[in-house]
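Protein chains in written order, with the numbering used here: chain R, 1 to 357; chain W, 1 to 245.
For the record, the hints were derived by calculation from the structure and aren't laboratory data. Any given hint could turn out to be false.
Partial list, computed: chain W residues near chain R (C-beta under 8 angstroms) [claimed, not checked]:
1) Leu-13
2) Gly-60
3) Trp-142
Here a beta-carbon is modelled for each residue, glycine too, at the ideal position from N, C-alpha and C.
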Amino acid sequence: MSHVKSGTLPAWMVAVLSITAFAAAWLVLGRSPWLILSTQFWLSYAMAWLVIQATSRWTRQRAWPALLGLTLLAAVVAGLLVLPLSHDFLPDRLTSWTWVSARGLPPAVFALVFLLPGMVVDWREQQKHQRQLALAEQRRAVAELSKQVTLAELKSLQAQVEPHFLYNTLAGVQYLVRRNAALADEMLGHLITYLRRAVPSMRSPTSTVQAECELVQAYLEVMKLRLGERLQAKVDCSPDAAALSMPPMMLATLVENAIKHGIEPLPRGGRIDVTAEINGADLCLTVSDTGAGLAGNSGSGAQVGSGTGLANTTDRLRALFGDAASLTVESGVQGGVVATLRIALTALQTHTNWERV
Amino acid sequence: MNPVALVVEDEPLPRAQLLELLHALWPELTLITANDGVEGLQRLTADRPSVAFIDIRLPGLDGIELARAAGASCHVVFVTAHDDRALAAFEQGAVDYVLKPVTVSRLALTVSRLKQRLSQPPADLSRILTALSTPPAMRLRWLQVGSATRQRLVTVGDVFYFQSDSKYTRVVLKDGEELIRTSVTDLLSQLDPEEFWQIHRSTIVNLQRVAGVVRQMPGRMFLELSGRRESLAVSQAFQSRFKLM
Chain R
1 MSHVKSGTLP AWMVAVLSIT AFAAAWLVLG RSPWLILSTQ FWLSYAMAWL VIQATSRWTR
61 QRAWPALLGL TLLAAVVAGL LVLPLSHDFL PDRLTSWTWV SARGLPPAVF ALVFLLPGMV
121 VDWREQQKHQ RQLALAEQRR AVAELSKQVT LAELKSLQAQ VEPHFLYNTL AGVQYLVRRN
181 AALADEMLGH LITYLRRAVP SMRSPTSTVQ AECELVQAYL EVMKLRLGER LQAKVDCSPD
241 AAALSMPPMM LATLVENAIK HGIEPLPRGG RIDVTAEING ADLCLTVSDT GAGLAGNSGS
301 GAQVGSGTGL ANTTDRLRAL FGDAASLTVE SGVQGGVVAT LRIALTALQT HTNWERV
Chain W
1 MNPVALVVED EPLPRAQLLE LLHALWPELT LITANDGVEG LQRLTADRPS VAFIDIRLPG
61 LDGIELARAA GASCHVVFVT AHDDRALAAF EQGAVDYVLK PVTVSRLALT VSRLKQRLSQ
121 PPADLSRILT ALSTPPAMRL RWLQVGSATR QRLVTVGDVF YFQSDSKYTR VVLKDGEELI
181 RTSVTDLLSQ LDPEEFWQIH RSTIVNLQRV AGVVRQMPGR MFLELSGRRE SLAVSQAFQS
241 RFKLM
């Protein structure tokens, strides 16, 4: 009946062997004092051990004093229980403390002495196991989170790769090349600036406010040339926000939405204003347009939508910053739409450090 | 009498390019243009072209609606961006299309087909138009809420739960609620079923916002939400989904 799990005889076999040995001894030797004593020792150890095993699930969740106390209690109780076997046992002797301790303590102490080492080893194993579990759990949680972020980033990439913009702009450049070389040159220049910012931006986990503003500026310049007078636009990046890091392609998504849903559907077109500044404790990016507005074409009542740009951006924000960032899209005061992206400055700092780890 | 073709395209450069290519490929064609859907409709009724090149995405009147108006009287060729879902619809029909940006070879093919078909009545567009007008079923990702003067967009992720309230549905968010007209039944068919569970005839909950499940003895179950005080009752019919938690 040891605590060592492997390489020894199974507990039941030990039990059978010991019972057989004791039974045989009793038969052969009769009631001799030392046989009685050894039986008492063995019985009290066995009973205490059984109690420990039975309550192991309870003790596992408690601190070590509980286990120690239980072991002591089990040894004492077991010692008392084998008293009737003593060679000079008489029922009235149970009231005498001296007799009880003389006959009961030895088995109890024997049980305690032989149980304790096993207890200690077991306890240590358990603690080590708990620590390993906790570590594995932590690792799993980190892996899960980074997987989520990767998925969100992937989704955003899929949404961002806008072939229409590229093909249509190149087609425009191709048309202009032989008819208005200066204009073709201008459009190509803005397209190159856009690609210079967009391509590394899409691949890296972080960008800067300045880079994102330059990206949308180039994009808007191209669209101004393509849409003619239907689009007016201005990008205003405040100097104290410029160096801050921020996730890539979010501002571009908002501007693309403004063009696609705000400006393009209107024959008269409209104006887009992009601002980046520090507002209180947040980085604040706004894209406001004077275009079609949210009321859209379905009249009053709520419109329900399945477009992915807005949803992907909020998913990414939540995955990266939790509650420290927000994106609101509301109807503007003069019609049109205002999209506001806010990220707490402290969260941005943590985000940068995390990316560098 | 020279055939008349109407080109309806909002962006100046592709419009100019299409006009130039058509002039090169079909010199006898008289070309008229329109910059948006509304102008397109005006030119249709005023000039009665026999051919119309219509961009699917137009400001003002939608290209599809314009085609519906034009289809009976003239041959319509759709101008469409590369990976529009529309492409599949076109493969089956007799209606022609060109991809944007336009290539000479593709346009030449379209022109020769048109020349052949000019003497016949135009192809029936009804099936194509239905296919183009029905948006494909997609998951609901955001809602437009608010009053007539002030509206905003809310992503479904921000919604804690939907609950029907007479003719409207309450959209309950972290710091307030809004009303929309879409019924709980319609919402159910559009929301992601992995993320949004119906817990009651009148209530749909966002699983991400559920903090815990509380069971009370006489078979009653409530959901606690992380960020809002109230608990939501789960009716008997829907409790089985939570029993596995």
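How the hints compare with the structure:
The beta carbon of Leu-13 of chain W is positioned within 8 angstroms of a beta carbon in chain R (closest approach about 4 angstroms), and the interface hint is therefore held. Taken as an interface hint, Gly-60 of chain W checks out: its beta carbon lies about 5 angstroms from the nearest beta carbon of chain R, inside 8 angstroms. About 5 angstroms separates the beta-carbon of Trp-142 of chain W from the nearest beta-carbon of chain R, less than 8 angstroms, and the hint is met.
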